[in-house]
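The listed protein sequences derive, respectively, from chains A and B.
The opening position of the first sequence corresponds to residue 29 in my numbering, with each subsequent residue numbered one higher.
The opening position of the second sequence corresponds to residue 29 in my numbering, with each subsequent residue numbered one higher.
Honestly, the hints are just simulated from the structure, not real lab data.
A portion of the hints provided could be inaccurate.
One copy or any two copies: either way a pair holds, since identical chains are not told apart in the list.
[Unchecked claim] Here are the simulated DSS-like pairs of lysine-lysine, each with C-alpha atoms no more than 30 angstroms apart in a straight line: (1) 318 - 40; (2) 318 - 278; (3) 318 - 102; (4) 184 - 320; (5) 96 - 40; (6) 320 - 40; (7) 278 - 321; (8) 106 - 278; (9) 102 - 278; (10) 213 - 102; (11) 172 - 320; (12) 34 - 172.
There are 2 protein chains.
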Amino acid sequence: MVFRDKVVAAFKEVQDSICAGLEQADGKARFEEELWNREGGGGGRTRILQHGNVIEKGGVNFSAVHGKLPEAVKKAFKVENDDFFATGVSIVMHPSNPFVPIIHMNIRYFEMDDQTRWFGGGIDLTPHYVIDTDARYFHHLLKKTCDTYDASFYPKFKQRADDYFYIEHRAETRGVGGIFYDRLKPDQTGLDFDQLLDFSVAVGDTFLPAYTELIDRNRDAEFSAEEQEWQYLRRSRYAEFNLVYDAGTKFGLETNGRIESILMSLPPTAKWHYNHQTVPGSPEAETLSKLKKGIEWV
Amino acid sequence: MVFRDKVVAAFKEVQDSICAGLEQADGKARFEEELWNREGGGGGRTRILQHGNVIEKGGVNFSAVHGKLPEAVKKAFKVENDDFFATGVSIVMHPSNPFVPIIHMNIRYFEMDDQTRWFGGGIDLTPHYVIDTDARYFHHLLKKTCDTYDASFYPKFKQRADDYFYIEHRAETRGVGGIFYDRLKPDQTGLDFDQLLDFSVAVGDTFLPAYTELIDRNRDAEFSAEEQEWQYLRRSRYAEFNLVYDAGTKFGLETNGRIESILMSLPPTAKWHYNHQTVPGSPEAETLSKLKKGIEWV
Chain A
29 MVFRDKVVAA FKEVQDSICA GLEQADGKAR FEEELWNREG GGGGRTRILQ
79 HGNVIEKGGV NFSAVHGKLP EAVKKAFKVE NDDFFATGVS IVMHPSNPFV
129 PIIHMNIRYF EMDDQTRWFG GGIDLTPHYV IDTDARYFHH LLKKTCDTYD
179 ASFYPKFKQR ADDYFYIEHR AETRGVGGIF YDRLKPDQTG LDFDQLLDFS
229 VAVGDTFLPA YTELIDRNRD AEFSAEEQEW QYLRRSRYAE FNLVYDAGTK
279 FGLETNGRIE SILMSLPPTA KWHYNHQTVP GSPEAETLSK LKKGIEWV
Chain B
29 MVFRDKVVAA FKEVQDSICA GLEQADGKAR FEEELWNREG GGGGRTRILQ
79 HGNVIEKGGV NFSAVHGKLP EAVKKAFKVE NDDFFATGVS IVMHPSNPFV
129 PIIHMNIRYF EMDDQTRWFG GGIDLTPHYV IDTDARYFHH LLKKTCDTYD
179 ASFYPKFKQR ADDYFYIEHR AETRGVGGIF YDRLKPDQTG LDFDQLLDFS
229 VAVGDTFLPA YTELIDRNRD AEFSAEEQEW QYLRRSRYAE FNLVYDAGTK
279 FGLETNGRIE SILMSLPPTA KWHYNHQTVP GSPEAETLSK LKKGIEWV
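Here chain A stands alone, though its shape is the one from the complex (with noise of 0.2 angstroms):
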């Protein structure tokens, strides 16, 4: 089998058992599942689960595309060569619930040549309100995925996610962070491509435990109109992310890729207020004060 195919069907039941998770956990919303292709070479599978009883909108998309590289990507990767090969599965779920969390998680594998191949990936979190023991539990699960493939993974992995998840103009965090990797091969690792393999299902396998952890957690907190209206301002800082910094948006607006899928991390509802502050020692006022890099979860 070449080595390709190995990483779309592992990548596949990753999604597939990612899907059947979260309707269990849902207990109400089913995936709707739409098949494209792409024209200049490839497709995938949109699935989307909406009005579910704790996921308001979310979607766990795979795709497996080919073809020639744009000239832009061509000179950012720095490569000659422009025959290149791309899969992967990427979630975002917006709940309903303000004390349930925003997830986010993606795993990739890129291909060009023998010489240029890659993984990538990791997982996020961006609560709408911090509570310290998700976050710490979050952290954990991650850790202890990391560190049955290298001691070193969790803490540069946790420092690229600070590092990337960051909204420069608000200064603040995307969320709690969580993992972050890119461009993993075997000359940095010691792992063969095999084993970068088996990392990569292995962060999508902590995907279900995690979150279905912090659904159970939080599920069935009570939450006022005003906790409402907060989760609202936070999506759109969410969505600010997304649409001003986010590389895999970017890349896949700028290489004309499937809009839906690609805008399907976007909140169902969010709200811009103007100058939005929040009261000292409230609970808003207290997740701002941990929306910043550096914090040790573990």
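Mind docking chain B on chain A? Use the hints.
Relative to chain A, chain B alone:
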């Protein structure tokens, strides 16, 4: 009087008269003013109107800033010198009734030295529902203002608005356009700087008659929950344009501008539905069919 001071005085007057006119048209809400200073030099008067009879959220901002240009902007502008002065009035109005359009206006003056200075600006309309008679009225007024100065202005600036207010990844215009001009200087126009200032003020003075008429025509139109939902979807397109493409927003975010003034353009509430499809023949489908370049409204 130094020329830039004349521009500042004229622009402040435009801001004042527009604020007075909008308060009168709204009949309920009052502008709240925030004066701010920029660390590098200068400052502004941000004026926000919220929860009105007609306007749900809107801003009429004046600023006059000066200082040293950031390296990246210097490169983009291809200038050696790095002392700059910039002043402008920026407006975005998000009305609560989906049949009243969103409107945007901006007039600005930029100066580095005697050789490097210019005016820019424009007005454009983003109806949630395109009403042909309104779009025609709007463009007619803009053409009249332009024609007083130069018969070539309207067709040129109308085309630039079509090209500029374009959501590439959706392959749709932001709205029905209007006029957009930039780097307007005597050498291209045969008008001296005083006349170009007059033209900019005339554009500013076109805002009130244009918008108050569209408010009057539609403010009492009844609307359903579905029509309001459509408004929220159109507003999310507006947010996409401003966060992904708008040059003023980008410039503001990159030069460390006052975030709340820059992002006052974002809608109070916006919604993203996954893969929303309009019903063929519906008013929503009709609107989409008119969000394209090159429609002659006059």
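Results of checking the hints against the structure:
1. Taking the closest pair of Cα atoms, residue 318 and residue 40 never come within 30 angstroms of each other, the shortest separation being 35 angstroms inside a single copy and 40 angstroms across copies.
2. Proximity of residue 318 to residue 278 under the C-alpha cut-off of 30 angstroms is found in both arrangements, the shortest distances being 27 angstroms within a copy and 27 angstroms between copies.
3. In the homo-oligomer, the alpha carbons of residue 318 and residue 102 never lie at most 30 angstroms apart, since the shortest distance is 38 angstroms inside one protomer and 36 angstroms across protomers.
4. Taking the shortest alpha-carbon separations for residue 184 and residue 320, only the intra-copy value of 17 angstroms comes in at or below 30 angstroms, while the best inter-copy value is 47 angstroms.
5. With identical chains, the CA atoms of residue 96 and residue 40 are at most 30 angstroms apart within one copy only, with a shortest distance of 23 angstroms there and 52 angstroms across copies.
6. Taking the closest pair of Cα atoms, residue 320 and residue 40 never come within 30 angstroms of each other, the shortest separation being 34 angstroms inside a single copy and 38 angstroms across copies.
7. With identical chains, the CA atoms of residue 278 and residue 321 are at most 30 angstroms apart both within one copy (23 angstroms) and between copies (24 angstroms).
8. In this homomeric assembly, residue 106 and residue 278 come within 30 angstroms of each other (Cα to Cα) both inside a single copy, at 18 angstroms, and across copies, at 26 angstroms.
9. When the C-alpha separation of residue 102 and residue 278 is checked against a cutoff of 30 angstroms, the pair qualifies both within a copy, at 15 angstroms, and between copies, at 24 angstroms.
10. In the homo-oligomer, the alpha carbons of residue 213 and residue 102 lie at most 30 angstroms apart inside one protomer (19 angstroms), although the nearest pairing across protomers, at 38 angstroms, exceeds that limit.
11. Proximity of residue 172 and residue 320 under a CA criterion of 30 angstroms is satisfied intra-copy only: 23 angstroms inside one chain copy versus 52 angstroms between copies.
12. Only within a single protomer do residue 34 and residue 172 lie at most 30 angstroms apart by alpha-carbon distance; the minimum there is 25 angstroms, versus 65 angstroms between protomers.
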